[in-house]
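K.L.:
Top to bottom, those sequences are chains A and B.
Sequential numbering of the first sequence, starting at 5, is according to my numbering.
Sequential numbering of the second sequence, starting at 3, is according to my numbering.
For the record, the hints were derived by calculation from the structure and aren't laboratory data.
The model shown is predicted, which means the values in this text are computed figures rather than measured ones.
Errors might be hidden in some of the hints.
Claimed, not checked - Stretch by stretch, here's where chain A covers chain B in the computed footprint (C-beta under 8 Å, at least three residues):
1) 39-53
2) 95-102
What the hints assert, rightly or not - Derived pair list, reagent style BS3-like, types lysine-lysine, alpha-carbon separation capped at 25 Å:
3) A:K34 to A:K56
4) B:K44 to A:K17
5) B:K58 to B:K69
6) B:K103 to B:K58
7) A:K34 to B:K44
8) B:K44 to B:K69
All C-beta atoms, glycine included, are put in the ideal place defined by N, C-alpha and C.
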Amino acid sequence: DAGVTQSPTHLIKTRGQHVTLRCSPISGHKSVSWYQQVLGQGPQFIFQYYEKEERGRGNFPDRFSARQFPNYSSELNVNALLLGDSALYLCASSAEALARAANNSPLHFGNGTRLTVT
Amino acid sequence: QKEVEQNSGPLSVPEGAIASLNCTYSDRGSQSFFWYRQYSGKSPELIMFIYSNGDKEDGRFTAQLNKASQYVSLLIRDSQPSDSATYLCAVGGNNRLAFGKGNQVVVIP
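Whenever a hint applies, use it, and build me the whole structure from the sequences.
P.N.:
Pasting the structure below:
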């Protein structure tokens, strides 16, 4: 079975531009989460979607938005890019939304999209 | 206070020795605890999860959880050069995982 797939793998953008990152979850998984990981730090939570609804939002500005489609794939959009947005963007899927299951479903990460803003 | 703290610096261990990693968390309501391994330039890979107090063993890995002390640890027995990586502690709750900054482990042949 295919794991979590993300595209593109690498991306270089200029300050002020817009970017769209894409993610397909593991087959059968209904929850998709997005994380940002800057060098030397752990991943930081951006969004969680479950059954096409936003279930959680981290401490990120409104320039960050996301959505989930009927086939459970997801897009992360970032507007007005800043140099500080340069990071590895990770998508993760799980079978259940974390708050739904008594024992929180482990997250399975894709290979990430490396975004460089110049 | 950060949600999840991993304060130890890089850990160097001889091949065959035990590597011990520690993690503390601030939210007493946390229900799930995970250890991820991340090789340089790669994405995190789940290696252990634990939900109840006590020990959980999986191969050469043992996770230990103490909710009263808000403390979770990971032991790697018989360390191998392939274990050289950054280990991330993650705590679940409120529809998200909170990660520590990670601990780098270097296994010396």
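K.L.:
If a hint holds in the structure, say so; if it does not, say that too.
P.N.:
Hints, one by one, checked against the model:
1. 39-53: n = 7 at 8 Å, threshold three: holds.
2. 95-102: holds (count 8)
3. A:K34 to A:K56: holds (8 Å)
4. B:K44 to A:K17: Given that 25 Å is the threshold and the Cα spacing comes to 21 Å, the pair holds.
5. B:K58 to B:K69: Holds. K58 (chain B) to K69 (chain B) sits at ~14 Å (cutoff 25 Å).
6. B:K103 to B:K58: holds (23 Å)
7. A:K34 to B:K44: Distance ~24 Å between K34 (chain A) and K44 (chain B) Cα, so the pair holds.
8. B:K44 to B:K69: violated (31 Å)
Checked against the numbered hints listed earlier, the structure breaks hint 8 alone; every other hint is satisfied.
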